[in-house]
Amino acid sequence: MKISYNWLQNYFEEKLPDPEKLSEGIIFHSFEVESLGKIGDDIVFDVKVLPDRAHDCLSHWGIAKEISAIFNLKLKEKKYKDFKTASTNLNIKIESEKCLRYMGRVVKDVKIDKSPVWLKNRLETIGQKSINNIVDAANFVMFDIGQPIHCFDLDKLESEEIIIRNGKSEERITTLDKKEINLDESILVIADKRDILAIAGIKGGMKAEVDNNTKNIIIEVANFDAISTRKASKKIGILTDAVKRYENEISPELCTQTMDKITNLILDIAGGNAEEIVDIYPKKLKQNIVFVSVEYINKRLGTYFLKEEIESVWEKLGFEYEEENGEFKILVPLLRMDIIGQHDLVEDVIKILGYERIEGKLPKIEWVPKINEKFYNISVARNKLLNDGYSEVMTYSFRNEGKVEVLASASDKNFLRTNLSDGLKESLKLNQLNAPLLEMKEIKIFEIGTIFNKNGEEIHVAYNEKKEIKEISLEEFCKDINSDFKLETKNYESKSAFKPWSVYPFISRDVAVWMPEGENGDKLKQILIENGTDLLIKEPYLFDSFTKDRKTSYAFRLVFQSFERTLKAEEVEEIMVKISNNISKNSSWQIR
Amino acid sequence: MENEEKKGREHPLSIIINEAVKIFTELGFEIATGPELEDIWHNFDALNIPKDHPAREMQDTFYIKGEKGKVLRTHTSNVQIRYMEDLVKSGGNPPFAIIAPGKCFRNEATDATHEMQFYQIEGLMIGEDIDMAHLKGVLSYFYKKMLGEEIELRFRPSFFPFTEPSIEFDLKFNGKWLEMGGAGMVHPNVLKNCGIDSLKYQGFAFGPGLERLMVIKYGMPDIRPAYQGDLRFNQF
Chain A
1 MKISYNWLQN YFEEKLPDPE KLSEGIIFHS FEVESLGKIG DDIVFDVKVL
51 PDRAHDCLSH WGIAKEISAI FNLKLKEKKY KDFKTASTNL NIKIESEKCL
101 RYMGRVVKDV KIDKSPVWLK NRLETIGQKS INNIVDAANF VMFDIGQPIH
151 CFDLDKLESE EIIIRNGKSE ERITTLDKKE INLDESILVI ADKRDILAIA
201 GIKGGMKAEV DNNTKNIIIE VANFDAISTR KASKKIGILT DAVKRYENEI
251 SPELCTQTMD KITNLILDIA GGNAEEIVDI YPKKLKQNIV FVSVEYINKR
301 LGTYFLKEEI ESVWEKLGFE YEEENGEFKI LVPLLRMDII GQHDLVEDVI
351 KILGYERIEG KLPKIEWVPK INEKFYNISV ARNKLLNDGY SEVMTYSFRN
401 EGKVEVLASA SDKNFLRTNL SDGLKESLKL NQLNAPLLEM KEIKIFEIGT
451 IFNKNGEEIH VAYNEKKEIK EISLEEFCKD INSDFKLETK NYESKSAFKP
501 WSVYPFISRD VAVWMPEGEN GDKLKQILIE NGTDLLIKEP YLFDSFTKDR
551 KTSYAFRLVF QSFERTLKAE EVEEIMVKIS NNISKNSSWQ IR
Chain B
1 MENEEKKGRE HPLSIIINEA VKIFTELGFE IATGPELEDI WHNFDALNIP
51 KDHPAREMQD TFYIKGEKGK VLRTHTSNVQ IRYMEDLVKS GGNPPFAIIA
101 PGKCFRNEAT DATHEMQFYQ IEGLMIGEDI DMAHLKGVLS YFYKKMLGEE
151 IELRFRPSFF PFTEPSIEFD LKFNGKWLEM GGAGMVHPNV LKNCGIDSLK
201 YQGFAFGPGL ERLMVIKYGM PDIRPAYQGD LRFNQF
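First to last, the sequence lines map onto chains A and B.
Note that full-length UniProt numbering has the first sequence beginning at 1, numbered continuously upward.
Note that full-length UniProt numbering has the second sequence beginning at 1, numbered continuously upward.
To be clear, the hints were calculated from the coordinates, so they are not data collected in a lab.
Ranges between beta-carbon positions, derived for each pair: (1) B:Thr110 <-> A:Glu468: 24 to 34 Å; (2) B:Thr110 <-> A:Glu13: 43 to 53 Å; (3) A:Asn10 <-> B:Lys176: 32 to 42 Å; (4) A:Ser169 <-> B:Asp52: 21 to 31 Å; (5) B:Thr110 <-> A:Lys78: 42 to 52 Å; (6) B:Lys7 <-> A:Tyr376: 14 to 24 Å; (7) B:Ala55 <-> A:Glu185: 22 to 32 Å; (8) A:Lys178 <-> B:Ala55: 27 to 37 Å.
C-beta: ideal position from N, C-alpha, C; glycine also.
Based on the sequences and whatever the hints tell you, model everything.
Below, the structure written as structure tokens:
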């Protein structure tokens, strides 16, 4: 979520720490801050609010509360102006359990206008478009407190009655952005006597849109079931900022202060006369009480926090609590719906006190680990094959055909492999083409991996014998291994760095030279290196040598390749000519 | 005369897995395994991931056609559940410590740092007093052995349904902080789901990806060659 630094500052009397420091505090005590950017005279943080706190932190107020706890800064007390309310004729009917609370308020004689500059700035800073004072006020309060709000034009309704009910399969709505949406039983709607006014918690409709001629409005501050809102949003393919809040199960308690704030703001910037609130709240949320002890917290964290330190966390988070003999009774704030048991409070403690306070130590447990047969067999098979000169490859588990199919895939391969052989064949072909690069006389490869058949999965071993691929189950493979084959523990001490390879084709050339018996090939190799240029990507590789009639033949393979382009045969020929000329300078040598 | 190499070359991921297993075995961990084609109970439900959790959605999970309730495991955490269920069934109790390297699958587009198949190494240690300081100690020990004594480890807040508290951990390697993976204290619901007394026992779990460790250790620019069957990849 985009969070404005200046907007946050409004929550505090004291000056906030500078943006960098603020960001660091948020990262190590609350959430990841993905970016931090300057917009006008403001700084905008992109805060990745964690899923378990999205119900109370997807707002400036939510983040301000975190900052207050992290930096021990006091939150300003919010005061709303008093205003008189007139009696109301508004009638609200909830006909579905998916609506947990519905607050409505009529405000008459508002003046639709452009938003004041401060409001426009706030919204534009976090990437929101300014529309008019009423719509902007609703948007602003949502990004401020985290509770979505919708405003209807009262005069466009059939009567002063709002019904919250399940949709019907023949019903349709035209949304504010002029999309035609087909509804059904699973989608909750806001309706008047005749038409659908909005898709609950997702998007408003055209019928009761607030426009430049609007005079009288209904403010909706409501709470809808998280799961059905998410499902409906997916079904109709509309994801709004309101959905992002409802789907994370915000507290129905949030409605009260939201209604106060939005009414105040609207009266302030659009004038008008507010009527009384109509509040339908069938099942009031009960406050959760959780007991947690200093001992329990330290036992789970491996820390030695004092009672006073833990108490300071409750204070900073604004929790009401009582304490007796090191045990706390916490009255969980109604907005903190994530705190269910004592284990949840442990996280709040360590987040505020800081994970750096945990000092690592190695555990000692009394038990005897067993040998895992499957893993042991895989290790035996792998080492047997490695010892026999086979190199290990891994290929994809997904293929174009098979017996087990996945429902949807980001790739074009929808089946799980029924064998390793098909993948190994492709690998063999690739590596045979690359044989000059690999300095191998013969390509010997194997794979150990899971295959999938109709009756389940099984681990197979596959390897090649020349061009032929052999594949058997791991179990069978291990049965055939001589019992005196021992699995040695290896020490891996390679510190060398990985060398990437060129994606362009290579060209290989062989050079064989006769020289008098007793001379070694080093001088020849040196000539090859000196004249091979940068395009010679590996040391010349001696692939053959033999002695006959008091002469020894040395045969080297040269591999040329560029990291930037495809080599031309002519340029390699040029190098080869230079090499021949230099070899010919040795009168006792003969190029074969 | 140069010698023809007699031994074959091991895949770098196998090297990483073997090295990891060796380090954890020395710390007293037992190796555990589980299926790649898994049921929803072991992959999601038992891990406290509710039915409508976004992680269960199609874009991340490979569901199997014609086999309702089966998925390609999205993490090695299924091994936690299978191990604990078996332990309880056979009349056993904590303490125990397991390590489970294994292949996992996520339905996401492939790039230099993401593959649809990847390896995770799951760690789980449960006892009467296994705490978060032990988690820090074990992870720090492991990565020092893997990458050198000079590395530093730090925790940041995170969220996973199967751990509480949940953390993300970073390593400082060659002067830079790198995100390595997730971990936390096993959520009491997970222990309960396996039939273990969550008031008596507690412990930690972690599940970092192994490709990440491989590319950091060897300085690899791209993970994709790992599954292309190309022997040029086997450099170590």
